[in-house]
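Heads up: the sequence lines are chains B and H, in that order.
Mind the numbering: the first sequence is residues 1 to 534 in this note's numbering, read in order.
Mind the numbering: the second sequence is residues 1 to 449 in this note's numbering, read in order.
It cannot be assumed that every hint is accurate.
[Said to hold, decoys possible] With a straight-line Cα cutoff of 27 Å, these simulated DSSO-like cross-link-like pairs (lysine-lysine) come out:
id, chain 1, residue 1, chain 2, residue 2
1, H, K140, B, K262
2, H, K189, H, K369
3, B, K447, H, K67
4, B, K79, H, K250
5, H, K440, B, K447
6, H, K417, B, K74
7, H, K189, H, K358
8, H, K440, B, K295
9, B, K79, H, K360
10, B, K79, H, K127
11, H, K417, H, K443
12, H, K438, B, K447
13, B, K262, H, K438
14, H, K417, B, K262
15, H, K79, H, K261
16, H, K261, H, K358
17, B, K295, H, K53
18, H, K358, H, K440
19, H, K426, B, K74
20, H, K85, H, K189
21, B, K74, B, K86
22, B, K479, B, K356
23, H, K53, B, K86
24, H, K79, H, K250
25, B, K23, B, K91
26, B, K23, H, K440
27, B, K447, H, K439
28, H, K67, B, K365
29, H, K250, H, K358
[To be verified] Covered, in the sense of this in silico footprint (three residues per stretch, anywhere, with C-beta under 8 Å from a C-beta of chain B), are these stretches of chain H:
id, stretch
30, 35-43
31, 55-61
32, 330-342
33, 384-395
34, 401-414
FYI, nobody ran anything at the bench for these hints, they're computed from the structure.
Here the structure is a predicted model, which is why all the values come from computation and not from measurement.
All C-beta atoms, glycine included, are put in the ideal place defined by N, C-alpha and C.
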Amino acid sequence: MSTYDRSMALTGQPPKELSRNQKIATLIGLSGLAIILLAAFNVDFPNKALWLSISLAAITSGTIWFSWDMYSRKEPGIKNDGVWFKSISSKGFWGWIAGISLTSFYIILYFYPEYLGLVQKGDNTGVIGLFDPLSRALSGNPASQWFVYGTLYTVAILAFGIKFMWKYRHNRYERIRTMSVMFFQTAFAFIIPELMARLNGSSVLNGGSLPYYDLKNMWPLNYYNFEGYRIKGFLSSGDIGFALLIFGVLSIFVISPILTYKYGKRWYCSWVCGCGGLAETAGDSFRQLSDKTVKAWKIERWVVHSVVVFVTLMTTAVIYSYLGNDTSKYWLTKSTFLIGVGVLLTSVFALVMIFKRDQFQQDAKYGAAGYLVIILALIGFHFFSGEGQVFLFKSETLRKSYSFLIGSIFSGVIGTGFYPIFGNRVWCRFGCPMAAILGFQQRLFSKFRITTNGGQCISCGNCSTYCEMGIDVRAYAQKGENIVRSSCVGCGICSAVCPRGVLKLENGPLQGRIDSNQVLLGNDVDLMTLVNKK
Amino acid sequence: MENIVIIGNGIAGVSAARHIRKLSDKRIIIISGETDYFFSRTALMYVYMGHMKFDHIQPYENWFWEKNRIELVRGYVTKVNPEEKQLQIDGSRAITYDKLIIATGSKPNKFGWPGQDLHGVQGLYSKQDLDLLEVNAPNKEACRRAVIVGGGLIGIELAEMLRSRDIPVTFLVREDSFWNGVLPSGESKLINEHILDHHIDLRLGTNLKEIVADENGKVKSVIITETGEELACDMVGLTAGVTPNIDFLKNSGIELGRGVKVNRFLETNIKDIYAIGDCAEQHEAIGNRRPIEAVWYTGRMMGETVAQTICGNQIEYNPGHWFNSAKFLDIEYQTYGWVFSERGMKEYEEHFHWRHAKEKVCITIAFNKENNQFLGINTFGIRMRHEVFDRWLTQEKDVDYVMEHLIDANFDPEFYKNYETEIVSKYNTDFGKSIKMKKKSLKRIFAIG
Chain B
1 MSTYDRSMAL
11 TGQPPKELSR
21 NQKIATLIGL
31 SGLAIILLAA
41 FNVDFPNKAL
51 WLSISLAAIT
61 SGTIWFSWDM
71 YSRKEPGIKN
81 DGVWFKSISS
91 KGFWGWIAGI
101 SLTSFYIILY
111 FYPEYLGLVQ
121 KGDNTGVIGL
131 FDPLSRALSG
141 NPASQWFVYG
151 TLYTVAILAF
161 GIKFMWKYRH
171 NRYERIRTMS
181 VMFFQTAFAF
191 IIPELMARLN
201 GSSVLNGGSL
211 PYYDLKNMWP
221 LNYYNFEGYR
231 IKGFLSSGDI
241 GFALLIFGVL
251 SIFVISPILT
261 YKYGKRWYCS
271 WVCGCGGLAE
281 TAGDSFRQLS
291 DKTVKAWKIE
301 RWVVHSVVVF
311 VTLMTTAVIY
321 SYLGNDTSKY
331 WLTKSTFLIG
341 VGVLLTSVFA
351 LVMIFKRDQF
361 QQDAKYGAAG
371 YLVIILALIG
381 FHFFSGEGQV
391 FLFKSETLRK
401 SYSFLIGSIF
411 SGVIGTGFYP
421 IFGNRVWCRF
431 GCPMAAILGF
441 QQRLFSKFRI
451 TTNGGQCISC
461 GNCSTYCEMG
471 IDVRAYAQKG
481 ENIVRSSCVG
491 CGICSAVCPR
501 GVLKLENGPL
511 QGRIDSNQVL
521 LGNDVDLMTL
531 VNKK
Chain H
1 MENIVIIGNG
11 IAGVSAARHI
21 RKLSDKRIII
31 ISGETDYFFS
41 RTALMYVYMG
51 HMKFDHIQPY
61 ENWFWEKNRI
71 ELVRGYVTKV
81 NPEEKQLQID
91 GSRAITYDKL
101 IIATGSKPNK
111 FGWPGQDLHG
121 VQGLYSKQDL
131 DLLEVNAPNK
141 EACRRAVIVG
151 GGLIGIELAE
161 MLRSRDIPVT
171 FLVREDSFWN
181 GVLPSGESKL
191 INEHILDHHI
201 DLRLGTNLKE
211 IVADENGKVK
221 SVIITETGEE
231 LACDMVGLTA
241 GVTPNIDFLK
251 NSGIELGRGV
261 KVNRFLETNI
271 KDIYAIGDCA
281 EQHEAIGNRR
291 PIEAVWYTGR
301 MMGETVAQTI
311 CGNQIEYNPG
321 HWFNSAKFLD
331 IEYQTYGWVF
341 SERGMKEYEE
351 HFHWRHAKEK
361 VCITIAFNKE
371 NNQFLGINTF
381 GIRMRHEVFD
391 RWLTQEKDVD
401 YVMEHLIDAN
411 FDPEFYKNYE
421 TEIVSKYNTD
431 FGKSIKMKKK
441 SLKRIFAIG
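Isolated chain H, as found in the complex (with noise of 0.2 Å):
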């Protein structure tokens, strides 16, 4: 009977074993130095907050793992060694594999700050970076304030975290809006302004110059590189991006790059061992995307199309139309196709962008300039239905066609307000359009008849 060893309990990990065994009969093993169970990594934040305990993030009762005979071992794999198709486990024990998929997933980025490994200071990715938080930062008189480096999604969730704890915190951010690579500057003011409302002492445009130890190595401060100001702290969150944890991997003749590389098999350069999620890099970016996708939703993927594969159906990882989304503090982002920043835009894209005069609301629709192809749309606070755009994507629609139907798109619960109005007729006198929206019919929802 073959022998799949995989290495990483996360998202990629667990789908690739759940579909091998849906397919097959081999020996399925996973190696984690982690938890013994895999854990939702996205929800580690509301077990600080208390909104659930550890074991709520476990996705599947302790018993499914044997039931589905997927064997668990606990351990850090130290050495690969594909020669002999064996494997260390914390510098002692071997195991030997048949086929191999690595899915380590990340570590947090450090830049070589001054200061970034004392006592205090830390990123928020693992389980134990969710203990030693407990530790660094338990209660507001422990951590009197906090200063997160870093304003991506991670930071603002670690902001949130240590909020809810009336911790102040205090949040540096290098570019001079917040996630402004990414979101288009309307949506990124609107977050600024959120922040705020949130009591976070927002820093725009602000860098990390040093961590600043006390007499016992622990953090006591930082100094700020364009003010030099000194902000006193108990705790500091490190938290600019991610990269792939794959130190393990040097000298075993395994293709690296940032990540492991792989092509669109997501076979490395070595026979019988594969890379999947965020550790893993493409040769050559697919279509929009980073060679390194380190997202929940492709984990997934390429955990169920690295399964096909091993089960003897090679196919290439062929992601759909990008979606993502994520929860800035109680604000819901939701984005489809691809909306780029001022400064990612393409040469033909152009945005039209509605946000509502009191509340926390806006979207923003890219389309081709050329020929008024949808491009892709971001939401915040309006839930939208992924069905419904994946097929519009699918279609190549117009933007015309998107605005007039574009109450079909709305996940929002029963009852709610509706903008839809609004935002057609601020499209139709940003472009000089007559477009009168479609009523919503379930009919075109669910795609019948």
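Isolated chain B, as found in the complex (with noise of 0.2 Å):
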């Protein structure tokens, strides 16, 4: 048995000690969150531009100090002595509190925007009021709960974003990476869509105004996007609305297929995603605990590949419940659409089984239950459905139940919530639809794999460790395989924490890629071959 100091000391022993300096930091960053939770408290702040500003500034620079303190009089290396101490990264006391914060501040976010001050009919109050200034310096209209929690979720991926590159200052593609998601949340997620409400209702719009828009969101994972009154928001908005909504088309069905092909699903979940941006900065220190179990994986694929289905039929349902009848009106009618969707997905399923199919070995058995699911659902839709109806429910309660269940509790509440419980990426792994079409095509057609080097794994397990998706890394590298996993977003940290070089991410030609070969290098290459022999 271990037998170091479990004292529950927040400023713990060594090697989990924090300095003077790292102290102060954090006094600062917390009197900057304070401000936040007096403005909470209905404490009416005078200059309310002023106070956001320390209260922001407060908290990005106690993060930037903490950070600079543990990191710079350090050689460039992997940084993770004591990890298992902490009680904050470790499930410890500490863990749990920040889980119960977290929580809490995402079930009064979603349903209670009251309570952070909120006014449907006059002056915000409380937070949302502190953050009025800024909103009306950016969009010329007043803040909404969501506008608040974009504010804190760029300032924490920056924040965090520059701690996460000192951290990792020796390696290019992690430094590169984290610059990546930073540009894409500050640029596309936060001011571009509320640079582009100041268009609404101007003459480049024709009149028209755009539904809040941060284009590299794709469908599904912004599953609201084909409801009706964006689309009716687009189709008012002239040409310019017009293009984003071919552009949202094309980002499911053309653009991502093609980066995928080349790169991997990391181009957007490690590279673009603002889910994955907090994941990956914010998120960081909790990485180590996603389960890696067999049983987790199991799991993992049940719940992740439901949400595909479910998200599938909801946004089928709710695109048909505003469909028309009438061929002369539009040409996309209620049933051409279905007819539509089932030719897709039949022709996507039957290109997997053709050519795919010795890969996908028994989870075909699966993918042609979901497949059947939605086929029959389709063919429900037609015949069981009335107007605003589909099948026995209304649509609109489909929708709300995926936006309460999956866009809400999941990937809010216990996806970032339980950051200090589940690991960082538990909305990433079990919850999100987007990730799970990707990650399938990513497994069947793409040419990234995570290469494993040759016979060098001693199966030390820190790759398994430090894989926030909860893959078993090391199960594949100590037997010389390379890494195929739909669910690997490509954070990189695996390869950057293997003490012996031996896992590369890497774009290459298929063909090997998927190499179930033990080729344990070292070994002559008779016994070799008598190894392969299954």
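Mind assembling these two chains? They're in different frames, but the hints should get you there.
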């Protein structure tokens, strides 16, 4: 048994002890949060713009100073000393406190924004009121709970992004990747949509009004993209609106398949995506908490693929419900749409079965089952649906339950709130339908793989431990097999923490990519042929 | 059903068990006194450093063994009786075998230093050693200074471990430069510097005279041979290499040298008894290898080989091209083929050495000066592709070819700075050549077409 100190002192023992600088930095960061907390209790700050700036500046500089003090005086290299001794990063007391606080924050954010000071008619108060000046400066409108969340989210990605870049300053892949997520979050998720809102009602948009659109966010991650009100918004906004709508369709059907083929799903999940961005920066301290058991992997596959089926049906139902029946009014009618969806899914399924059957093995059964459910449901839509109703439910009910269960509870409350308990990629792994679709493609139609370097693996387990997606990387590496897993987001940390240089993320030829031979170099050739006999 | 008993649940024993299971339905029993389940020995350091918990360094989940019908027995084998084909565990329980595989690994060397068995003095090899270290050096208050004796791979790992808890470390190295019996001098020098950068008190060319006890029989200080200096310390790590762990086999009739003597089929002098891994000693060294190879990879290969032999397909242990790797604090080291230190250099061997002006990155390439054949490479701070070097060694490429295609062998993560151009230009200067480096080719790397 280990006998290291288990005291609960916040400032800890070596190697987890906080230095004096780190204590001051923590104080500064917390004081920034305190301003927001005071605002939440309706302390009415006189000069909101000033106090908001002070608060955000304190949070950012506290985080940055803390990390500078932690990493700057050490040699570049892997900085995982004491990770499992610190209670915050090993599901200890402070881990649970952080988990519970974050979860409560999400519950308030999603379900009780009035507690944050959201006022429907009249001026905002509380926290949301505090953010009004910034929101007005960007979009011209008062803040909402989503603006507050978006701002804090961006600040977190930026501040912790800098921390992450210091932590991995010897690793250029990690640095560039982090700059990319910081850029996409700040520009695409935060500033551009706010500025776009300024165009609403202007002549550029023919007087129309665009829905809030984070351009890098594609269906099914933004499951609401093709809902009636958004389509109306797009179509009312002239050429720009129409172009954006087309872009939304192209993103999922053309752009993402091409990029995923060339680079694997990492181009999105760990380079562009906002959820991934937060997980990789603010969530980095919790990556080791993901469950690596085979059991967890089984659950993952069931849950995430069920979400894909759910979101496909829900979206189909929602679009179906606002389409008409009259071909003379608009070419796309209820029945042509259903047939279209059916044909698309059938061709994908057929292609996979024809070309990739052997790689699919027993997963084929589950794939076929999912496919069957969707097709039956589509037929059901057609025969049993009345106006505004799909099958036996109202399409609105289906949409609302998706948005509640998946959009709020799963992605927010569990996905982010439980970072310190289940790890930083719970949502991406178990819940994100986008990740599942890209992953399916990554497994079957992509040049990306993690190459195992011959026989150099020593089974130490650093790769598996620090895999945020819960992939047992070592299980492949120690057999000399490449890692080709649908869930891999290509964060590159397995390769970084490997003490023997065994793992490399790379895009290469399809031939020999899924290399299931136990090529343990070092043995003579005859023995290897024997060992590889199945 | 044939009853296979394996003593030792390290990488050698477990590899043998896994492959016997793959090939046959025989009954398999693994006996270990150290732990219930197989773990990665090389990863013990990360548990002390807090990178992983002990569970994480166990490569298989606990249900794996029962599912694959590999029976695990906990206990130390105290006696082997080949006439009866019987083992004794912990002096009492008896187990019979049809075939026996000895895979008991090593134990730390002790060279008879006065005080080497005091409290607070330990080696670092087993799980028990790790637990002991938590007692001897839990933090910098309980352990105000540690002294490490022996400058090899385990020594530098122990130093890194202790430094992760801010414990001051004095590192006594007998040689006048770190690990220079194995590493060429340029590389050895680079590691010396890196050790100092990590605030480790490195004492080169320094021997331990004795370890001094306090009134409770606990270590109080060490005395250095050369200067007579007395260094106060609370813990002494003995890391001057390892030796096969075979004391329990004395008088068993099994032929012993430093290790258990085996032939190329890994058979001992007694029928149906085999030895693999760290504890096995070849009658004659294979190629440039040592008769006893205490390396993770060779343990694994011997396990695979003996499994074939036991399952009726007798084959020789015939390791391919030598490779190895290690990590010195923050610097990764890889080697493919043979690069000897100045001490062990062959008369036909010549070296090309390149070191980066600022960063701690260097390589050494060994080649035959008579026919230019490429012999091997050591890299520090650059990862190399095993498959490519293995192919080049098999094809007996000459060193010019290797320099020309060096970029193909690079295994660093994407976007890393490449040093190949600089390396090749230094090679050209050193040897008056005018080699132009080829562009990286995926076709060549993956041997397609």
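Restraint status (C-alpha distance of B:K79 to H:K127 at most 27 Å): It holds: about 24 Å lies between the C-alpha atoms, which stays within 27 Å.
Verdict on chain B covering the stretch 384-395 of chain H, criterion of 3 CB contacts below 8 Å: holds (count 5)
Pairwise hint evaluation, H:K438 against B:K262, where the allowed Cα distance is 27 Å at most: At roughly 24 Å apart (the allowed maximum being 27 Å), H:K438 and B:K262 satisfy the hint.
Three-residue Cβ test at 8 Å for the coverage of the stretch 330-342 of chain H by chain B: holds (count 3)
Hint consistency between H:K189 and H:K358 [alpha-carbon to alpha-carbon, up to 27 Å]: holds, 14 Å
Stated coverage of the stretch 35-43 of chain H by chain B [criterion: 3+ residues, CB within 8 Å]: Answer holds; 3 residues pass the 8 Å Cβ test.
H:K67 paired with B:K365 [C-alpha distance capped at 27 Å]: holds, 24 Å
Agreement of B:K74 and B:K86 with the hint, judged by alpha carbon distance not exceeding 27 Å: Cα-Cα ~19 Å, so holds.
Agreement of H:K261 and H:K358 with the hint, judged by alpha carbon distance not exceeding 27 Å: violated, 48 Å
Pairwise hint evaluation, B:K91 against B:K23, where the allowed Cα distance is 27 Å at most: holds, 22 Å
Given coverage of the stretch 55-61 of chain H by chain B, tested with a Cβ cutoff of 8 Å and a minimum of 3 residues: Check passed, 5 qualifying residues.
Holds or violated: H:K358 to H:K440, with C-alpha atoms at most 27 Å apart: Status holds; Cα separation ~26 Å.
In this structure, the earlier hints numbered 1, 3, 4, 8, 16, 19, 20, 26 and 29 are contradicted, and the remaining ones agree with it.
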